[in-house]
Every structure is written in C-alpha cells, then in structure tokens.
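Trainee: Sequence:
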Amino acid sequence: MPNTEQELVAMLRERAQDAPPDPGRGERAAALGRRMRRRRRATRTAVTAGTAAAVAVTALALPGGADGTVPADTVLASVRLPAEVPLPGEADHFFRAEKLPLIESQQHERMGEPVRLRFTALSTDTMYNVRCSVPGSWLVIKSDDPARSASIGRCGPQDHLSQYDGQSAGPAWTGRPHTLEAWVLPPEAEIDESNPPDPFTDAIEKIAARTGTRPGIWAIGVYDRRG
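Taken in order, the sequence shown gives residues -2 to 224; the numbers are from our numbering.
Calculated directly from the structure, the hints in this document are not laboratory data.
The model shown is predicted, which means the values in this text are computed figures rather than measured ones.
Glycine residues also receive a C-beta, built at the ideal position from the N, C-alpha and C atoms.
Fair warning: there could be bad hints in the mix.
Derived Cβ-Cβ restraints for the label pairs, each shown as a range [unchecked claim]:
1. Ala206 / Lys96: 34 to 42 Å
2. Leu158 / His105: 12 to 20 Å
3. Arg223 / Gly133: 29 to 37 Å
Capping the alpha-carbon separation at 20 Å, the derived lysine to aspartate or glutamate pairs in DMTMM-like fashion look like this [said to hold, decoys possible]:
4. Lys139 / Glu110
5. Lys203 / Glu187
6. Lys203 / Glu185
7. Lys96 / Glu81
8. Lys96 / Asp156
9. Lys139 / Glu101
10. Lys139 / Glu202
11. Lys203 / Glu190
12. Lys139 / Asp195
13. Lys139 / Glu190
14. Lys203 / Glu110
15. Lys139 / Glu95
16. Lys203 / Asp189
17. Lys203 / Asp156
18. Lys139 / Asp156
19. Lys203 / Glu178
20. Lys139 / Asp199
21. Lys139 / Glu187
Based on the sequences and whatever the hints tell you, model everything.
Mentor: Structure (structure tokens):
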C-alpha cells in the first residue's frame, strides 16, 4: 500500500491514463492521502495511550500489604549499582586511595525470598553493596566466612556497603569461592530492632513465611580488586 502522498498520486495517475480527463483528480488523491495519514497517526496515538494506561493499571494493581495498602515500590526508585565504589580510607591499617570494581551482581523483583550470590574473592578487601527500591526494607546478610559474619539492618535506594579485611576474612579468603545469602523483607516484617533474631537459625525463614512475598526491586553486588 502507498505510504506517501506522492506515491498515492502516482498510482492513481497510472491507473487513470485511459480514463476521461479530470483536472481535479490529483488534488482529490492528495486530499485522500492526507486523510489516510491522519487516521494512521490517530491509531498509533490511541495504541500508545492504551499501552501506557495498561502499565498504570498494572502498577496500581500490585498486591498490597497485609492491611491492603499499596506497597511503596509502585513508584520504583533506581537500584542500579555503581560500577565501582571507593575503598574505605583505612584498610589493612594503611591508607590507599582507590576504587574497587563490581565483579558479581544480581537484581531481583520480589522481597521475601532468599538469594545466594556466589563469587571468588580476589583480595581481602572484598566489599558487598545492596540497594532496595522500597525505603526501610529489612536486609539480612549471611556470609560463609570463617567468622560466620551476619548482619540485620534497614535498606533503601542508597548504597548499603560492608567490607571485609585481612583480619575478618582470614588467610583462606582470597582465591576461593564464597557465597552471600541475602534476604530483603518488606518494612512491616516482624523484626524486633532491639532484639533481632539470629540469622543463622531458621528464624528469618519463619519471619519471611509470615510476611509473605511482595513486589520490590533490589540489587546486590560484590566489589573486589582485579589482579
């Protein structure tokens, strides 16, 4: 089918070579072409508007909390992790002004489910970072390092950094595969800040089961020195 006014006029002129003379035929063809283009533009606009409306309805229909409220992440904050983070001013007891690159990362769309991030430590300065789109989310981290490192705290769209060093990681840390287990739970999860549960027991699993899963984008990444 012709797509431009000129193509439509040319086609009609070819078909009308043997027809009786009609000086206004070209003008009518041009007008027809303009009407066709206007209809196509209107159709495309309607389809685009319908798609946007569908996205908005989907966002508003996300499951709410136990009290029926709409979760805060219906307006999503960015959880894109930075490509590198600065090494703290003091590491291994002497100053090094340098940045560590991101070596492993994952992004997830739901809270309330455990995630395991596996990586190989490249140094004793390994760091991990978590960002959560829902402000005030609970973050539980369990590590397999010899000190059985674990932490419970709040998470939001800003960086949530934690670092190992030679003392906490131990001599067998570098060059070996490791696993971080992370839980991101909704802000209403039943965790007592004054008396948090032991992450190495099944307490977190029970709390997560009572709370259930929720929509909520979050990301976790590991940073380390390359070479």
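Trainee: Check each numbered hint against the structure and report the violated ones by number, ascending.
Mentor: 15, 17
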